[in-house]
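Q: The lines below spell out each chain.
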Amino acid sequence: MRRDFLLPDLGEGLQDATVVQWHVRVGDTVHLNDRLVTVETAKASVELPSPFEGRVALLDIGEGDGLRVGERLASIDTSEDGEAAAPRAPDAALLPTGAPTGPVTRQPVLVGYGVDVVPQRATGRREWRRRKAPGRRALDGGEQGLGTTPSVPATPPNGFPVPRPLAKPPVRWLARTLDVDLHQVRPTGSRGEVTAEDVRAAAGSAATGDAAGSVGVARGEAMRQDERPSWPGGTGASGLAGDDRPEEIPVRGVRARIAERMSLSRSTIPEASAGLWVDCERLLALRAALRDDLRSGSARDVGGAEALTPFAILAWMVPFALRSAPLLNASFDAAAKVIRVSRAVHLGVATGTELGLLVPVVHGAHALGLRELAGELARLTRWAREGTLTPEQLTGSTFTITNYGALGLDDGLPVVNAPEAAILGVGAIAPRATVHDGELAVRSTAKLTCVFDHRVSDGADAARFLGRLKALVEQPELLLGTR
Amino acid sequence: MAEISQRVGGNGARSTEPGTVAHWGQRRGTLHDADGLIAGPGDPSAGGPRPGDPCIDGGTQGPEVGAGGLGAGTGSNAALRGVDQPLRVLSPDGSPTGASDPPYPALLGPEQHRQMLTDMILTRRVDAELVDLQRQGQLALYASCLGQEAAQVGVAAAMRAQDWLFPQYRELGMLVARGVDPVGVAMMWRGAYHGGRGLLERHTSPICIVVGANALHAAGFALGVRLDAADEVVVASIGDGALSEGDVHEALNMAAVYEVPCLFVVQNNQWAISVPGRVQTKSATLAHKAVAYGIPGIRCDGNDVLATYSVASDALRWIRAGGGPVLLELLTYRRGAHTTADDPTRYRGDAELERWAALDPIDRYRRHLVAEGIWGEEEERRAASVADEAAAHVRAEVCDAADPSATGLFDLVFTRPTKELERQRAQLERELARRRS
Amino acid sequence: MSAVTMVAAINAALRDAMDGDDKVVVFGEDVGRLGGVFRVTDGLSDRFGPQRCFDTPLAESGIVGLAIGLAIRGYRPVPELQFDGFSYPALDQALNQLAKYHSRSGGLVDLPVVVRIPSFGGIGSPEHHSESPETHFAHTAGLKVVCPSTPGDAYSMLREAIECPDPVVYLEPKQRYWTREEIDLPLRTEPMDQAVVRRAGDDVTLVAYGNAVATAMAAAAEAEVQAGLAVEVIDLRSLAPIDVDAVVASVEKTGRCVVVHEAPRTLGIGAEVAALVQERAFYHLEAPVLRATGFDTPYPPARLERDWLPGVDRVLDAVQAVWEQ
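Chains as they are written, first to last, in this note's numbering: chain C, 13 to 495; chain P, 14 to 450; chain W, 47 to 371.
Just so you know, not all the hints are guaranteed correct.
Stated by the list, open to error - Not close to chain P: a few residues of chain W, all C-beta gaps over 10 Å, as computed:
hint	residue
1	S151
2	G188
3	E236
4	Q240
To be verified - Not the full set, but computed from the structure, chain P residues with beta-carbon under 10 Å of chain W:
hint	residue
5	R203
6	A226
7	D253
8	A255
9	F423
10	L445
No lab work stands behind these hints, which were simulated from the structure alone.
Using N, Cα and C, we set each Cβ at its ideal position, and we do this for glycine too.
Just chain C, same shape as in the assembly (with noise of 0.2 Å):
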């Protein structure tokens, strides 16, 4: 049996030696830690000693030349005697290592075997259940890039990553139960972030899946998850074939006092209703203009730049546009004969919830800054979401908006939320051809609806509201002239 006597980690720190002189000529016979070799380090000198019995078979480094640990110094024949002399060595037995099998694998230091000098490897491919398509590579390379590779700075230059949504842990556990990406919510926390009520909301709409379920929402008529239909079978006709009795929901709670309030509505208050289309080009700039100051600017307010939507800033808008239109901010009391004109804005704003449509205020609207407004708005939608606002909250408003954009609808026809005397309805903004500086143009628009009660005011009115309005959308700087 031939064994192979490798170049050990002569723990000199150096990974090379020089063959000084052998002590030893092919043929002989060598016993046990007999002297085979001199090699020399950049260190010292040290005499190796055979590790084996046997007949010297091959000796591969001449005298005067180098080698690398691991590298084959000899091999020694032992089929005669070897065997006892060393029963237990396999041949890989002399790795610098005592790694049981395979190359060399360390590099000596000063102290001990050594470390280790094959790149790191994982144990084989494993199974991922969730992949990345291939091609897409970091900056950098592999495992050796190490040493040479040019770090970059942790913070990119424009100081913010890539958005990602943001959610607290249960959320993010409730969108993979409900299987809703969360890049598709909206969010509506404080903070920007998509609270349980968006996962819920999202997944709710996707559910139903047509607009008139969503339609249902923005008219306040939302079910309860549990109240809605569920059809067996899913949604194709075969579900129908077996039980065509209509499923009974009770009307109670927050939806009897839906209904409530759109009947009386609805069978005291003679509405109408205007409406035009606003081109939001400005609108969405400036906010992404303040968006990325609040991310990166010394008021980094990272929570409120994704509070920032543009409905906020159309909130914000509102105030300023019923100072054009004060009657629109108003109410009617049939039984005093009285027009009650409010001087404060507080604004109710529409928002759909499990419980079903609900109308938390800001109160004091018109005296408060955008972030504020927009941060109170957050929080209130939150809340109303998780069922948690006061009565107070839910209380006082003036004047009421309804995004039924967010559900992404063009258009509608809100109800008036009486007593007051007008409601705002904001469609969805989406690129949309347009007439822009007398040239077809693919611009960002919406559609505003105003419904109002006629009793109280006329069609003149919500033409001077929605027009200051879209001058105000259209034209954002007219704002700093508003005080």
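We have chain C already, so just place chains P and W on it with the hints.
A: Positioned in the frame of chain C, the structure of chains P and W alone reads:
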């Protein structure tokens, strides 16, 4: 602490209780002989302060250093011996020096002589095998004791089986002389276990890598021996470098204050890796340090196994008799590298090595025993055979020895693994299973 | 440009610092004539004389205590503790004295001491030669703790540490001592208290330092090959203070974080990083912060260290767990 003070420092009023120091005092009559091998200030045969007098509670009377003080450094200094010339029984050529200090250990019979020389030969043989095994990639590292065989075997031979040894990491000779299987030592250097295996069974603490830490353990263990009034002596084995460590100072001090049965054996092998003794201390000798601790200090030729045995035996008898700790400096030389990873040519020359090779402890002892007619060719052959067998045994057991399971690490942290450790063990088991598959 | 080992880089940093300021002194066990057991101080004693680079007795507590006294006197001592495990005898001087003297002096006395400690495992050594001592120091107010992972950083961070008026514990990943990097010395890299991104990605953040950076890089490469993941690797470099902004910025991008270190898991640097991430990037977290670390056992004997150390597999386990969460 109060409780310990009561027990250890209790005064003679409770002298009849077992476990008090006075109990030992009653056995003082067994002390060696009138020549006073250790004519220390605490010599029970003298009238001065005695070991066992109240010491912890502040009523202590330290040993009196002779008027000559450190500078005198002569035999007239009651606390110190051998500081001018290390005590020696055999000249380098193997002939008896004829000095009466120490006296020839006449109690050694021929068989004991043969055993000691065989142990020294075996030590050297196994030591060389371990260096070779490291050169062949079978050990991570090894710290050779080449040249220190007499110091190590001499001390071990003076110890009884029930005595305890607290070694560092260069004590192969002490360990094999105490009957420890060198495979258990080799496996530590292989990186299979920490501390070695098979040591505690031979009343030997696991190998201690942190220099000097073992001295405190020895002192504490010896305090326990004293509290138990047991008939055991503890030997702390340290080196010249260790005496620079704070731990060793604390150990010597507390051992002296509590008068514990502990022998501090310092193998002064001249080098702490690359740092020579003169950089470690300005003391004239290491034995001198004993003066400040108030304990006897003895300096002995550590390459003279008979002197080592003789002095160590007397010191152990003294300690057993309640004399308190002793500091024994054994002058020897580390002829090998600090470890196989060290390159001593960077800091010392050949002349020094040759000078010490000429003082080889095995050659000296062999010449003496041959001259005495105790050792001949037959004994030499037998010793070589025993040594070769031991070396072959080590090689056979160590070469490519299977590694212990890594998951066993979790069993060694506490007496019982915690839940978190069990979780981590399960994690490692999963990892290992995947690698196997 | 030439291929410089970390040992050579540290040696050059010491030499250049001693050239630049004659108050810089180097001492420790075997650092003089021998040039250190790892040859890190090779040639310094010859070049600067035994007054400025000298061997000490075996006394780790003494070495650090001596450095304190020298620093009070106006020197800039750079003591070496020979191995991580031998830093523990010096903990009283390091934790009670070095860390607190500036405070105790009412801010009047600076302690520009750099304690160099060859650290961590992976070199097949005996007991006490492979410890990860960082937590002991990082947990002690008043000590800065830094750990380079490349030769260039080793040079630059040591120069900066020596210039720093505060005590710095400088941990040298001895497993990386002989890795080479093409650099020109002298060299200044990022400030030593900043983390750097060694590899950019937006799927998972791997936080590492010392030896573990190379492991993290290898794991990141594997994750890309196997699953197409872009794993970002952050080299902390400074363990006290931790550059939390850098970690948070990365986690805000990835939402997933794994900390890698050799030190035992419990109360390691990973615990601190995980706490900081959940404090500062809570809403961004897609998965719990996981740790790929050594186990809560004493560092194992050499034959077992490959099983014990956090290797690519253990890191990938954690990466996969946070990615598939």
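Q: With reference to the structure, classify each hint as holding or not holding.
A: Going through the hints against the structure:
1. S151: With a cut-off of 10 Å, S151(W) remains clear of chain P, as the shortest Cβ separation is near 24 Å.
2. G188: holds, 22 Å
3. E236: It holds; E236(W) is separated from chain P by about 34 Å at its closest Cβ, greater than 10 Å.
4. Q240: Its Cβ never comes within 10 Å of chain P, the nearest being 33 Å, so this holds.
5. R203: At about 7 Å, which falls below the 10 Å cut-off, the nearest Cβ of chain W leaves the hint on R203(P) intact, so it holds.
6. A226: This interface hint holds because 8 Å falls under the 10 Å limit.
7. D253: holds, 9 Å
8. A255: holds, 7 Å
9. F423: holds, 6 Å
10. L445: With a minimum Cβ separation of about 6 Å from chain W (threshold 10 Å), the hint on L445(P) holds.
Violation of the numbered hints given earlier is absent; every hint is satisfied by the structure.
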